[in-house]
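In the order they appear, the protein sequences are chains E and U. Numbering of the first sequence is given in my numbering, commencing with residue 755 and proceeding in unit increments. Numbering of the second sequence is given in my numbering, commencing with residue 12 and proceeding in unit increments.
Heads up, a few of these hints could be off.
What the hints assert, rightly or not - Straight-line alpha carbon distances no greater than 25 Å define the calculated SDA-like cross-link-like pairs of lysine to any residue that follow:
hint, chain 1, residue 1, chain 2, residue 2
1, U, K359, E, Y1083
2, U, K507, E, F877
3, U, K137, E, V1119
4, U, K363, E, S1067
5, E, K861, U, I496
6, E, K1113, U, M139
7, U, K64, E, D1117
Just so you know, the hints here were simulated from the structure itself, not pulled from any lab data.
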Amino acid sequence: MFEYEALQLYWWFLVSLLGGLLVFMMFVQGGQTLLYGLGKSEEERDLIINALGRKWEIGFSTLVMFGGAIFAAFPLFYAVSFGGAYFVWMAILFCFIIQAVSYEYRKKPNNLFGERFYERLLFINGSLGIFLIGVALGTLYTGGNFEVNDMHLSHWTLPSYGLEALLNPFNLLFGVVLVLLARIQGMLYFLNNLDNQAIRWRILSRLKREFILFLPLFVLFLLMLMLQDGYGYDEAGIVRVVPLKMLQNLLAFPWLLGLLAGGVLLFLFGIYRALVAQSTQAIWWTGSATVVMVTILLLLLGINHTVLYPSLSDLQSSLTIANSSGSHYTLTVMSMVSLLVPLVLGYIVAVWRAMDRFKLTVDEVNADPHHY
Amino acid sequence: MEFSDALVDWSRAQFALTALYHWIFVPLTLGLTFIVAIMESIYVRTGDAWWKKTTQFWMGILAINFAIGLATGIIMEFEFGTNWSNYSWIVGDIFGAPLAIEGLMAFFMESTFFAVMFFGWNRVSKEMHLFSTWLVAIGSNLSALWILVANGWMQHPVGMHFNPDTARNEMENFWEVIFNPNAVSKFLHTVSSGYVLASLFVMGISAWYLLKGREVLFAKRSMIVSASFGLITSLFMLTTGDESAYNVAQTQPMKLAAMEGLYHGEERAGIIAIGLLNNDKKFGDDQEPFHFKMEIPSALSFLGYHDLNAFVPGIEDMLYGNPDKGIMSIAQKMQRGKEALKALRAYKEAQKVGDTQKATEALKRFEANQAYMGYGYLKKPQEAIPSIPLSFYSFHIMVGLGTWFLILFMAVLYWARRDQIASKRWLLWAMVGTIPLGYVAQEAGWIVAEVGRQPWAIQDLLPVGMATSNVASTSVMITFWLFAILFTGLLIAEIKIMLTQIKMGPEGGH
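For reference, chain U alone in the conformation it holds in the complex (with noise of 0.2 Å):
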């Protein structure tokens, strides 16, 4: 079964559309969850009304966002039904329990304590209401362990083996599944960064109040709760940001490199700290990658394996192989995968007939070269490459984002300590500004990871272009200009209301 390239292309671009939309307003919900649960702990600790009003004033904001992100989130789930059958088929015996259990865990105890949070006020105890706006946040955090479970499963598949019966993998270890080192660190980096996110909207927000002269105290005792949280959750982003980046590494040797724009491996591998890619460069010529670059030496090699001198393969190492680093090329790692899928429909055939004799002989052939299947289904072994400057750029705007959040958040409380704050302009305006940044890296973060790892639906397993529905690409075309318009039309319908409420701010514009 072979898709043309229009049907990959278009199903790839709603699933990018639905998820870059979808993850707009998830982070800023993961986040914003967890910090009126705070403020709301201190009202009910303190029983200062003052504190309830800030509380509801926050909880307003996240309603908002919270209904844009069911909205684009209900998608996600029926999307790999109706966009990704073959793999629905192909992993859908492992990929659908994360996601079933997330429904179970996590969607109902959203929904059920969200409607306590926002119309509990006066129907339920003070401490039932604080509980529920607690279970809002651990729900929505729930949401995300079990997606990113799935997700991590994506990035590095373990815990299942491949049934050459009904031709998909089935699990066989839940925990393996579970406990992905790279989806605990995909979980924890991802959250984390919702943390960062929300901090830095709470904080920009405020920021603007005090450039306004308005709300001073609110503005003030939101920006110290968000800048504290932030500051703290940043660092937590920055670990754990290092253990995703150590776990690629080891799963993900190509995206490491399209990362870094790495085309020859080294020992004491660098990190281009700065650096400007030659677009020019084709694969195998003596261009130079880089148009101009600064480094930190051996940074990436400390990085990927925690050893300043260690070899960091090249995406060039990889695709013409690299037989003193045990390397195999793409093309022979092609050549062995087309050998598994030809031994798998020998197998069919022979079962069909009845012929055990050759359908163990088929068996064999098969499983010898079961572990490059995947790559049996590339055309050309530059496929096995993703896209260099998309990988490499949104690499770097998420870690140079990230450092400066977490200066900003720094010098937000040094002055927010000696009270100063409302007279420093320049950094009221820089959190201001630094909003729509917090947005940006967000989604350079899904990039890196997405697109970092193309051609794969599964790493190595399952190219994209295996993986779709077999319908026609004008239908898929057709759905993807629907999502485009919707979701763009609620997008500018969310930001105008929500930007009409934090005008309106606090006491509802009296």
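Excised from the complex, chain E in its bound form (with noise of 0.2 Å):
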């Protein structure tokens, strides 16, 4: 019904989307790394804690849809990456094992491990996670060890299975710059989302701090992609090193570096909500910043023969979106199911209005009978 080309480059478009939402939703990771920085008792840690107990789930479930419409998308690029780079993603996945836990557990009387044990546990998550994801979503644009055979089977080429990948300064920057992202994000998501004056003084002269660390390193990192060598494929699908590709990319394709302006502009007019006029809602400009500025810079890798998972150890193995997705057959009802993705975004906006009609309160945690 649909091009094959055509409905990769949905797929690649839908991954990118569901990368940027994912991104989105660490803004519980962020405030979790922020319990002790903002919550100075008990009773504020609490509040922290339930308030981002009430979302994390669905961050959960982004970062496992994640993975499970990569694999049905492009299962080339899955088995290639989470088979390969198998430290650092295995290092991911128990950064976010002990995530689920940790909410359930912390407060409960005879925990075993103790309610710091389970706070800890958040702040690996919230910090170490992140950064690790940064990390592996940096090795797209600057490619990984591996090899991959006419049958295209593959395996890595260096025995620290992806841990090289810290290595690299791209890389590490990305993994910073989620991580500082997240913070700001869990600040703006608490302004939002309680009701607390100590916890909102706090936020406000901390936000001017990461923010002002933040943005540097964030132009940096822009600079860095922009200027930094990429790799691309003619028709034939010989790989090329390609300088200055993605800037390429959004040159030739000037709606999208208009929009990505646009999300970093928005995204600074979020802040200067926050910090100038106050503003509760600054989340939300942020946020939908967040979203677009991170679905264009992944949508990057899959438009204008550019290679979307770059080959260190044999160029010609490396990975685009024609040569590593399923086959047109499966991206097609694949794509008839995706028209359900509207109708999930819509019920979790919804339940999101509902549940947050008014602030959270010491006074309601205090009174629920199941409180984090």
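Make one complex out of these two single chains by using the hints.
Structure (structure tokens):
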């Protein structure tokens, strides 16, 4: 019904959008790292945990969905990256396994390890987990050490199985920027969700400091992304190193450049609203900006004959959306299924609004039989 | 590409470990979500605040279980990639779809409405809250549907063809994949077993309260809800179990033979009610396979083929071949499988040099032998046989316990109707003691399904030895132990927390 190439692009767009939503939902993780920075008493920390506790599962599901969508639509990418960069993905998974139980078990009597232990796990999930996802995403631009044979079976060529990505400055910067972004988003979420003056004042002073740290790193990240060598392929599928590839892609699609610039401005506007106008709605500005920016940065890997996952060991093993995707039939079926996406987004938004009609207070947390 | 045995073993061990751990928590969630939804429905209909408190208590227990279910579940989604990367390429075009659909249709529903169910008592209307509770139940069961569609497909691959150019299987018919008879019976059998487990769980805890003389009304009412739910779902589980066995006979005869320790095929084959396997028995020797056995005559023929006189092939019929019954030996299948693999390689080489004639010839040879391709990866015929003791004992433990559960539910309802349940202390103890047996039956069922189909990751198509990721076995060993330590620690914490909550009871210990 639809052209194969169109479906591949559509699915890469969906994966990119999921990536954008995933990064947006990282405000939960960012918030987890601020537990002691913003919560000075037990009561305040409970409030923070309960504010995040109503949302963390959506982020968790988004991460799982991100993996599932890649498996279904780009199985070779899934096989090569997860099966090759083994230690990085395993480390990420461990960081997320510990999140689920920590909310639920932290305050429960007789929880074996004690409250502080589960709080540390939440900190690890929020910092190391997000940092490593940043590093892993960075490798989409900087490459990985894998080879794919003519039967499309793959292996990693370094015994560090993905940990070598930590030696690349761009990957590291990606990780750091993501952690800082998550913390900023976390603070803006608390402004929106909590009714607590003390935490509010702490956020406003901390937000300024962290934003001043974030901004130059984010600019450096964008500059490196645009100016470093990228990877492209020609009609015959031959892969080459292409200088300034990402910048070229943006210039080839000026509307993407416009959207990206718009995203950056929207983000700055959100921060301005929070800091100067003390708005509680800033998360919506910065949040939509985050979704737009991340979606576009990921989308750049799937357009204009760009390599999706470059191989540093054997350039011609590199993966593209064309050579790593599911079959035409599967992509068609999955595209039908994707018509459910607006419905799912719709009920998430509706439930979010219904549950957040009024702000969370210490009193409500204490009265709730199920509080975390 | 050939993998070391150590790599394959560690990869299998890790998958088994993570799946068995995950499966400790899933069945309770599948059933308890429905039980709390039923209880909350009673609350909304009657407006009786007592039912609200009861619902909230069981929801609290559910939440403790749900969290660790999620924790052990996330790894399952990614482990196909991290540890079974060849698998992910060779069948990902079909297998990835149900997993992604599971995420989209089920996980978001569960996670979104879970928050309403737990934190929404004062934030949304009563009706909206009840609706959310039902959606959590439906969502978790939908998630089971899709993952079992995926698993059913591994047991009986349908709706696809092998594409020699990409060297993978590609989906051809989505409906065949969904309505695969193995997937349907597997889903129904698995979820009903979850309902039974949750019923046993609620019933056992209620019995404990009665033994302690506490929460008497709460315990009696919870017991009646759960025993009724358990009885209905047990009967359903029995029917779907029969259907599952029928499907196994049709599509995985080796698994059926291993489940029954059937070495020599026979007509009017019986089912062993009780038996002790002879561990010295070797294939082809004339030792008896059992030290002793009690058999129900013709039952296996009936179970497998719905015909009392049907021939059920034994392990040796399949291993050595049985021309009278038209069964090819494993060695022959391996021969043809190796032909297929050789032809595929020749096809690739011919294509590389642009020799179309050679390529066409090779493709013809490949197609003639393609059905046996998976056997081409085996090193010796015995590899095609799963562990007989594991398959046999887990199958019989599962069936035996399932029968016991049914009897127990009937007994509980009988005395509960006469309002004599609180005085039947032996029965109350039996209910408490049956909680762990419910878990044993669950894990045994999983072992029958998964060990029984060895060596196949995909039945007849892809053995586990060809399906792993090409990483160092020590890497997998490291993550295996990390999982073992982490999951065990979390399990102990979970049990301690849960027991404490149960001790505190619905009144919160006051």
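Quick rundown of the hints versus the structure:
{"no.": "1", "hint": "U:K359 / E:Y1083", "verdict": "holds (24 Å)"}
{"no.": "2", "hint": "U:K507 / E:F877", "verdict": "holds (24 Å)"}
{"no.": "3", "hint": "U:K137 / E:V1119", "verdict": "holds (19 Å)"}
{"no.": "4", "hint": "U:K363 / E:S1067", "verdict": "holds (22 Å)"}
{"no.": "5", "hint": "E:K861 / U:I496", "verdict": "holds (22 Å)"}
{"no.": "6", "hint": "E:K1113 / U:M139", "verdict": "holds (20 Å)"}
{"no.": "7", "hint": "U:K64 / E:D1117", "verdict": "holds (20 Å)"}
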